[in-house]
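*Asks:* Heads up: the protein sequence lines correspond to chains A and B, in order. Okay, so the first sequence: first residue is 1 according to our numbering, each after it adds one. Okay, so the second sequence: first residue is 1 according to our numbering, each after it adds one.
One should not assume that every hint holds.
[To be verified] Listed below are the simulated EDC-like cross-link pairs for lysine to aspartate or glutamate, each with C-alpha atoms no more than 16 Å apart in a straight line:
no.: 1; chain 1: B; residue 1: K139; chain 2: A; residue 2: D50
no.: 2; chain 1: B; residue 1: K91; chain 2: A; residue 2: D50
no.: 3; chain 1: B; residue 1: K139; chain 2: A; residue 2: D221
no.: 4; chain 1: B; residue 1: K40; chain 2: A; residue 2: D50
Treat the hints as calculated values from the structure; they're not laboratory data. As the structure is a prediction and not an experimental result, all values here were calculated from the model.
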Amino acid sequence: MKRKKRGWAVLFFVLALLYLVPVLMTILKSFRYGESAITLQQYMELLITDYTVLRYFWNSVFYAVSITIVCLCVSFPLGFLFAKVKFLGRDALFFVYIVVMLLPFQATLLPNYIGLRDMKLLNTPYALMLPLMFSPLAVFLFRQFIAEIEDSVLEYTMLETNSVFRLLWYVVFPQTKEAFLALAVLVFCESWNMVEQVMIFAAKNKEIWPLSVMLGQIPEDVTYAGATVYMYPVLVLFLCFRNVFSKSMEKFKW
Amino acid sequence: MEKEKKRVRGFYKIWGKRFSVIVTAAFFLLLVVCTLFGEKLYTWITPSVSALMPKMAMYESGEKYTQIPKRAVTAKDTVYVVISEAGFSRKIYRIKEVEIEYRESEEDPSGVLVTTRLPQGCLIVTESLEGKCLKDGEKVLLKK
Numbered sequence: 001m002k003r004k005k006r007g008w009a010v011l012f013f014v015l016a017l018l019y020l021v022p023v024l025m026t027i028l029k030s031f032r033y034g035e036s037a038i039t040l041q042q043y044m045e046l047l048i049t050d051y052t053v054l055r056y057f058w059n060s061v062f063y064a065v066s067i068t069i070v071c072l073c074v075s076f077p078l079g080f081l082f083a084k085v086k087f088l089g090r091d092a093l094f095f096v097y098i099v100v101m102l103l104p105f106q107a108t109l110l111p112n113y114i115g116l117r118d119m120k121l122l123n124t125p126y127a128l129m130l131p132l133m134f135s136p137l138a139v140f141l142f143r144q145f146i147a148e149i150e151d152s153v154l155e156y157t158m159l160e161t162n163s164v165f166r167l168l169w170y171v172v173f174p175q176t177k178e179a180f181l182a183l184a185v186l187v188f189c190e191s192w193n194m195v196e197q198v199m200i201f202a203a204k205n206k207e208i209w210p211l212s213v214m215l216g217q218i219p220e221d222v223t224y225a226g227a228t229v230y231m232y233p234v235l236v237l238f239l240c241f242r243n244v245f246s247k248s249m250e251k252f253k254w
Numbered sequence: 001m002e003k004e005k006k007r008v009r010g011f012y013k014i015w016g017k018r019f020s021v022i023v024t025a026a027f028f029l030l031l032v033v034c035t036l037f038g039e040k041l042y043t044w045i046t047p048s049v050s051a052l053m054p055k056m057a058m059y060e061s062g063e064k065y066t067q068i069p070k071r072a073v074t075a076k077d078t079v080y081v082v083i084s085e086a087g088f089s090r091k092i093y094r095i096k097e098v099e100i101e102y103r104e105s106e107e108d109p110s111g112v113l114v115t116t117r118l119p120q121g122c123l124i125v126t127e128s129l130e131g132k133c134l135k136d137g138e139k140v141l142l143k144k
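Produce the entire structure from the sequences given, and follow the hints as far as they go.
*Replies:* Here it is in C-alpha cells:
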C-alpha cells in the first residue's frame, strides 16, 4: 500500500515539475545577460533604459484591479438573487447564464463589438473593462456558494431588519469570504491575461494596451525579465491565497 | 529530537515567509521607483557625450572621404562613433571604436581626412573620452 502511494506521489511530482520548470527557467534566465552568469542587466535594460514598458504593466494592473472589484460587486448580489430569491423565470434566466458562460469568447465577440461601437467606446479603456466586468462565471460560482447557506438563518435576519444590504453584508458576505477570495484570484488572472479583447476592441490605441499584448514587442535580450515582471502579480496573488483558493474549490459543488 | 525537528521547521517556515514578503515588497517598490524616476535614473547612470555628423566629400577622381575633427582622433588612431538603434520606446545610442585610415593629403586645419567607411548614420564623438571609461557597445546619451 505504501509503495502504491509512493508511486502516485512520484508521478504527481513529475507532473508538477512539468508545469513548474518553464516558470523556474524563465526566472533563472532573467538573471543572465550575454555571457554573464548572474547579473541584473536584463532588469536594468527593461526597467530603466526602456522603462516605458512599465506603463503597460500599470495599465494591466489598472484593468485587472478595476475589473475584479466591479465584477465581484456586481456578481455577488446577482448570485444571491439566483440562489435565494424566488421570482418568475429565475431558473430559465439562470439557464441562459450557464449557456452564456459555456460559450467561447468568439461567439460573443461580434455582439460585444457592435455594442461597444454603438456606445462609441471602441479604442477606450472601457472597451477592455466592460465585457469582463459582467462575468456569468462569477454569478454562477456565487450562486452555488450562497445556495449552501441555510434559509432559516436568512429568515431570522429578515425578522431583525428589512434591509437586503444589511442581510448581504452582515450574514451572507462573512460566510462567502472564501468564495470572494477565490473568485478575486480567478477574475484577476483572467483579466490580467486578456489578449483577444485588446486586439479587437482597442486595436488602434496602443497607449491603453496592457502588458499581455506588449510582451511580444519587448526586445529579445530582455524577454525573460519582461516575462518575470509579467508573472509577478499573478504569482504573488496565488502564493498569498493558495490555501483559501484550494479550500474553496474543495467546498464548491458543481 | 522531535522537538528539535519541529523547532527547525518552524524557523524555516517563519523566516521563509518573511523572506518572501520582503522580496515581494522590494520588487514592487522597484517597479514603482522605476515608473516614477526611470528617466532620471537613466540620465544619471548613462554617460553623455558630444557628437556631430561627419562631413562627407568626394574628390574629382571620384574618391570618397570623411572629414573628422582633429580632437575626435585618439592617440591610437581610432575614433569613437555613436550608433543609434531602436529600443522598445526610445532610440538607444551606443558607442563604437573605429580604426581610421588617413588619406594622404595636404594639412587641413579643420580636421583630418579619412578613407575609412564609417557605419551609416553614425555620429562622431567630438570630445576626449580619456577620463570616461567607455567600452565598445556601451550606451551613451547625446549632449544637447
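*Asks:* When the structure is checked against the list of hints, which entries are broken? Sort them ascending.
*Replies:* none
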